[in-house]
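*Asks:* Generate the whole structure from the sequences, applying the supplied hints.
Taken in sequence, the protein lines are chains R and W.
Sequential numbering from 150 applies to the first sequence in our numbering.
Sequential numbering from 1111 applies to the second sequence in our numbering.
Worth flagging that the hints you see were computed from the coordinates, not collected in a lab.
Backbone N, C-alpha and C define an ideal beta-carbon position, used for all residues, glycine too.
Where hints are given, some of them may not hold.
[Unchecked claim] Here are the simulated distance ranges between beta carbons: (1) R:Y214 - W:L1365: 17 to 25 angstroms; (2) W:K1374 - R:S187: 23 to 31 angstroms; (3) W:Q1263 - R:R180: 28 to 36 angstroms; (4) W:D1335 - R:S187: 35 to 43 angstroms; (5) W:I1387 - R:P212: 32 to 40 angstroms; (6) W:T1282 - R:S187: 23 to 31 angstroms; (7) W:N1236 - R:Q158: 52 to 60 angstroms; (8) R:Q158 - W:I1387: 14 to 22 angstroms; (9) R:Q158 - W:K1310: 23 to 31 angstroms; (10) W:K1217 - R:S187: 54 to 62 angstroms; (11) R:R180 - W:T1352: 24 to 32 angstroms.
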Amino acid sequence: MTVSTQVKQTLASLKGVRATLETFASIEENREAKAILSRNAERIKQVIRDIDQRVGVLEYEEPQYKGF
Amino acid sequence: MPEWLNILIRSTGLFALTLFLVRLMGKRQTSRLTFFDLVTVIVIGVTAAAISLNLVQNLAGGLIALAVWTLFPALIYVLAIKYKAVRDIIQGREAILINHGKVLEDKLMEARMTPEDLLSQLRKKNVFNFADVEFAVLEPTGEVSVLLKKDKQPATAKTLNIDVGRESVPQTVMLDGIIMDEPLAAMGLNRKWLHTELEKAGVAPENVFIAQVDSTGQLYLDLFDDAIQVPKPKTKDLVFATLKKCQADCELYALGTQQPEAKKMYERCSGVLSEIIGEIGPLLKR
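*Replies:* Here it is as structure tokens:
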């Protein structure tokens, strides 16, 4: 497995986590817990953006592994 | 009038009368009888028995005694609610038996308690070593309340400095195989959601005895058929584990990469993720 695929896997996992947290946040009744969940989902979004950029760079460097 | 008829009439009448008079005295928990309560109850009982067995020749006199012994306590209870002084006299005051870990012998004497009594009362509170007690009070009802020393108290999340998730009440959405629409609606869910979740768990709706939903929408089930093992909802644990894995991955990439810029980015990501894990962990663990 190349680095680029590994990073892509991590990226996919993070996206999954973010989606789940957002689901929890939307169902959660407790306002405090809801705030924590949605705030952290937002922070994960930042991380996803960073790693997504890195994937772009990696794909540029190793065009033979472009795609999934 | 024959003797037996007299007793029959008196007993029936008194039965109704005492029932009424006792109600008049108000509802006090029998488990919390003070000494005064006990005396009143016994006097009422004995008087009523004596009258109904025709031991008291003067019926009016007997009834007067009964009335006094029920009305006076009733009056005093009302006064006790209003005035602290009355309360202290009739209910007695609590006596401090152990203070700062030292047994107060004179208070023990005042309460007519032997050291054995004290030890046995402490044992009832699961305290076998009197040195563990910081403070103990003899309540007016004769029970001993115990405050343990700080280091002997059971550990709580606060003393252990653990952050715990906020517990919200789970809603019971199914009972006896019947779907309860009201709690479902209160959670912002509907029957379709429930059917989907049941299908995910591989359970027929009519097989469900109890189903509860926690605040994050996780479904907990108990089935009629106890031979079937219901999978516990794992989403929360999974999310937590995945987050940890991603954080470890980022650290690994940071170590692996040659470019300083990428290294910095990965390190930052790993830092943010571990912060998120710290904040969100208590909510995901239960």
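*Asks:* Hints first: check each against the structure and report whether it holds.
*Replies:* A quick look at each hint next to the structure:
Distance hint check: the CB atoms of R:Y214 and W:L1365 are about 21 angstroms apart, consistent with the given range 17 to 25 angstroms. Between W:K1374 and R:S187 the Cβ separation comes to about 28 angstroms, which falls inside the hinted range of 23 to 31 angstroms. Checked against the given bound of 28 to 36 angstroms, the beta carbons of W:Q1263 and R:R180, roughly 32 angstroms apart, stay inside it. A hinted range of 35 to 43 angstroms holds for the C-beta pair W:D1335 and R:S187, which are about 39 angstroms apart.
For W:I1387 paired with R:P212, a C-beta distance near 35 angstroms keeps the hint of 32 to 40 angstroms intact. Hint check: W:T1282 to R:S187, Cβ distance near 27 angstroms, so the stated range 23 to 31 angstroms holds. At about 53 angstroms, the beta-carbon gap between W:N1236 and R:Q158 stays in the expected band of 52 to 60 angstroms. For R:Q158 and W:I1387, the Cβ-Cβ distance of about 19 angstroms falls inside the hinted range of 14 to 22 angstroms, so the restraint holds.
A hinted range of 23 to 31 angstroms holds for the C-beta pair R:Q158 and W:K1310, which are about 25 angstroms apart. Evaluation of the 54 to 62 angstroms hint for W:K1217 and R:S187 yields a pass: the beta carbon distance comes to about 57 angstroms. For the hinted restraint 24 to 32 angstroms between R:R180 and W:T1352, the CB-CB distance of approximately 26 angstroms keeps it satisfied.
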